[in-house]
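Starting from the known structure of chain A, fit chain B onto it as the hints suggest.
As a plain string of letters, each chain reads:
There are 2 protein chains.
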Amino acid sequence: MSEYIEHDKAGVSVGLVEKKSFAFAEPPNEMILESGARLGPVTIAYETCGELNDDKSNAVLICHALSGDSHVAGYYSEDDPKPGWWDIMVGPGKGIDTDKYFIVCSNILGSCIGSTGPCTYNPKTVEPYGLDFPVVTIGDMVKAQKALLDHLGIKKILSVIGGSIGGMQVLEWCVSYPEMVVSAIPLATTTRHSALAIAFNEVARQAIMADPNWNNGDYYSGAEPDLGLAVARMIGHITYLSDESMRIKFGRQLQDKSDISYNFDADFQVESYLRYQGAKFVQRFDANSFLYITKAADYYDLEKQHGNGSAVEAFSKTKAKFLVVSFTSDWLYPTYQSRTMVQALKKNGLDVSFCEIEADWGHDAFLLPSKSLTAMVKGFLERVNNENGKEENAL
Amino acid sequence: MSEYIEHDKAGVSVGLVEKKSFAFAEPPNEMILESGARLGPVTIAYETCGELNDDKSNAVLICHALSGDSHVAGYYSEDDPKPGWWDIMVGPGKGIDTDKYFIVCSNILGSCIGSTGPCTYNPKTVEPYGLDFPVVTIGDMVKAQKALLDHLGIKKILSVIGGSIGGMQVLEWCVSYPEMVVSAIPLATTTRHSALAIAFNEVARQAIMADPNWNNGDYYSGAEPDLGLAVARMIGHITYLSDESMRIKFGRQLQDKSDISYNFDADFQVESYLRYQGAKFVQRFDANSFLYITKAADYYDLEKQHGNGSAVEAFSKTKAKFLVVSFTSDWLYPTYQSRTMVQALKKNGLDVSFCEIEADWGHDAFLLPSKSLTAMVKGFLERVNNENGKEENAL
Chain A
1 MSEYIEHDKA GVSVGLVEKK SFAFAEPPNE MILESGARLG PVTIAYETCG ELNDDKSNAV
61 LICHALSGDS HVAGYYSEDD PKPGWWDIMV GPGKGIDTDK YFIVCSNILG SCIGSTGPCT
121 YNPKTVEPYG LDFPVVTIGD MVKAQKALLD HLGIKKILSV IGGSIGGMQV LEWCVSYPEM
181 VVSAIPLATT TRHSALAIAF NEVARQAIMA DPNWNNGDYY SGAEPDLGLA VARMIGHITY
241 LSDESMRIKF GRQLQDKSDI SYNFDADFQV ESYLRYQGAK FVQRFDANSF LYITKAADYY
301 DLEKQHGNGS AVEAFSKTKA KFLVVSFTSD WLYPTYQSRT MVQALKKNGL DVSFCEIEAD
361 WGHDAFLLPS KSLTAMVKGF LERVNNENGK EENAL
Chain B
1 MSEYIEHDKA GVSVGLVEKK SFAFAEPPNE MILESGARLG PVTIAYETCG ELNDDKSNAV
61 LICHALSGDS HVAGYYSEDD PKPGWWDIMV GPGKGIDTDK YFIVCSNILG SCIGSTGPCT
121 YNPKTVEPYG LDFPVVTIGD MVKAQKALLD HLGIKKILSV IGGSIGGMQV LEWCVSYPEM
181 VVSAIPLATT TRHSALAIAF NEVARQAIMA DPNWNNGDYY SGAEPDLGLA VARMIGHITY
241 LSDESMRIKF GRQLQDKSDI SYNFDADFQV ESYLRYQGAK FVQRFDANSF LYITKAADYY
301 DLEKQHGNGS AVEAFSKTKA KFLVVSFTSD WLYPTYQSRT MVQALKKNGL DVSFCEIEAD
361 WGHDAFLLPS KSLTAMVKGF LERVNNENGK EENAL
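Protein chains in written order, with my numbering: chain A, 1 to 395; chain B, 1 to 395.
For reference, chain A alone in the conformation it holds in the complex:
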């Protein structure tokens, strides 16, 4: 625990950033999805920080998790109260140093924060897609990111970085576009969900679908399934924490210090916290996107999709250098899953650094301020950047 640092609100920031978007796959040239379905046109919301160098060799792609977006660092305006979701890691002199690297982060396909997803308009009906939106996969999300990088003229990614579902995208990049990826940092992730992870996602989906306002995904013109989505978020939220972190943060502390209520109010602080998290989430996230993204994560199976069931075979064309990080108290993507991944990478003779960080904060640890993680990412990026230059000079 002691290794966690307070988020330095007065710290340096990349400053002002701008929302951008890229549209492609205009019919009849739609994206062909992994399912075989066609999707187009597609808009991908993205943001960049730092400067792309002349030889375009300093691009770092950051992949966000379930509920993230393209706003990874910096502020939208001078009076913006809150920076991007990974501002503690991304900025001048930070772990991912915007003085050195050109950072790209895009909202994933199927999400609801600028990119095409179930809440955006279906060009055929001029109504939101709802459940007419095709089921997309982690592979489809990465394919859309590839189109964006092509558009930006980036042919090699110095590093692709992400945690959780973002980490799945990192792995997918390494196996789908091996020539493009110089290095990769998958954090708190897995090559495929365990039955436990699928189970939690499924119950969260059932909570949404049990809400009559969900209306089979068709709710954009009426009341939204806020209660169901809040329950889904609460379930997810528990899985991002840990027994230890909840004991430290809440224990059995009561909301009203004097006594229990003997009714069904939120007596304990942990109850009140979860209710708050649920209520806050529904203001910014779409219930259908929650269904689509969790389904994509459950479907992801690197071994099956790329290696006939073998992780070693799946990574056989990968050329990237790896920094793999897991966290001791992460029970959603436990360390044994990262170890399996590391073994498969090493069997392919790849350059792999692996670290299990001692952390009480469960799966969420990858998003929290950590001196160890920051130092590790910073050092790894410097090394691959230096080696990348040398290897190119040696040619």
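Copies of the same chain look alike in the list, so a pair counts if it fits in one copy or across any two.
Restricting the straight-line Cα-Cα distance to at most 25 Å, the calculated cross-link-like pairs of lysine to any residue (SDA-like) are:
(1) Lys-249 with Arg-339
(2) Lys-146 with Thr-120
(3) Lys-304 with Val-342
(4) Lys-304 with Asp-256
(5) Lys-249 with Thr-239
(6) Lys-249 with Thr-335
(7) Lys-304 with Asn-263
(8) Lys-155 with Pro-178
(9) Lys-249 with Ser-329
(10) Lys-378 with Glu-358
(11) Lys-280 with Pro-212
(12) Lys-280 with Asn-215
(13) Lys-280 with Met-209
(14) Lys-257 with Glu-34
(15) Lys-124 with Phe-264
(16) Lys-319 with Thr-335
(17) Lys-156 with Glu-179
(18) Lys-257 with Gln-305
(19) Lys-304 with Asp-243
(20) Lys-124 with Asn-263
(21) Lys-100 with Lys-156
(22) Lys-257 with Glu-313
(23) Lys-304 with Arg-252
These aren't lab readings, by the way, just hints derived from the structure by calculation.
Here is chain B on its own, set in the frame of chain A:
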């Protein structure tokens, strides 16, 4: 894993058992609950197996968990397809031997399987109580069991046994009626819920309360909150299993072996299993009872209620001999919680046996066939029964 045995369906059974009930607390002599509220009349459904001996020294009280009932062993009729919930443990020659002991098991106060609870009639309104039912505690449940034992003329319990919320009742017996309890077997339980356990219960409750059919608890004359209760059960069900057990039982096996559906059907066997468990549960359990019993479990705090925050102090009047059992893969009531309990018992100089059983099956392990558990319970009961006789003879 290998230590688990198949449930022997052809095994000896206690045979036919009968549903019984005991009514008490007729107004104006209502039960005074821990909250201060009054409740009456109260009916407690119970069953017994075996014979009470002449000196009434062979009574064993079994306390059930959240969704259990009084039907602990045997069959209701010759063509009853299914025995009671702990038939593998309770019967002639079994772990809890009905040839030697007189077994009593009652449905807990607040439940819905014969005992007074939110779905039974409020004598004042002649309508089901709904949320007018007062919040009951583990202490209240035990107080009702005490009234039943008084009615049966039992002054000493040879052993009180239960797992999970049943284990909380076991502990409550030891501290509330120390003179009555000769021995106690708390299984897979805790003296108080962790924030993690409260969090899961709270989300399950929120799932029920989010169902519009719940209607603030008033649904007995209309559609019931089946979808919400099913989600609540699914959440609970995951917490009773473990990463290991789910990997062994389901892994990533698909329902339709050929491929994934690319829609929101249950693709994985674990999804289908959870949906089935949810749908089955709503046929036999009342949503309001789920709220009341989980709340009672969350409120339970042996240290606070009986020891000014100290477990050592809470157990200071306890005289029972203890067999405490935890299971390695139980992450809902992890072994460290049983160890804390054992330390407090030992600091009081009590006779305590403690065993952590190596088991993959998570919290549910206490209900599954286990040679180790059966042998341990059988041996412990024989010892306390022998010692009980000798101690009485020595007087």
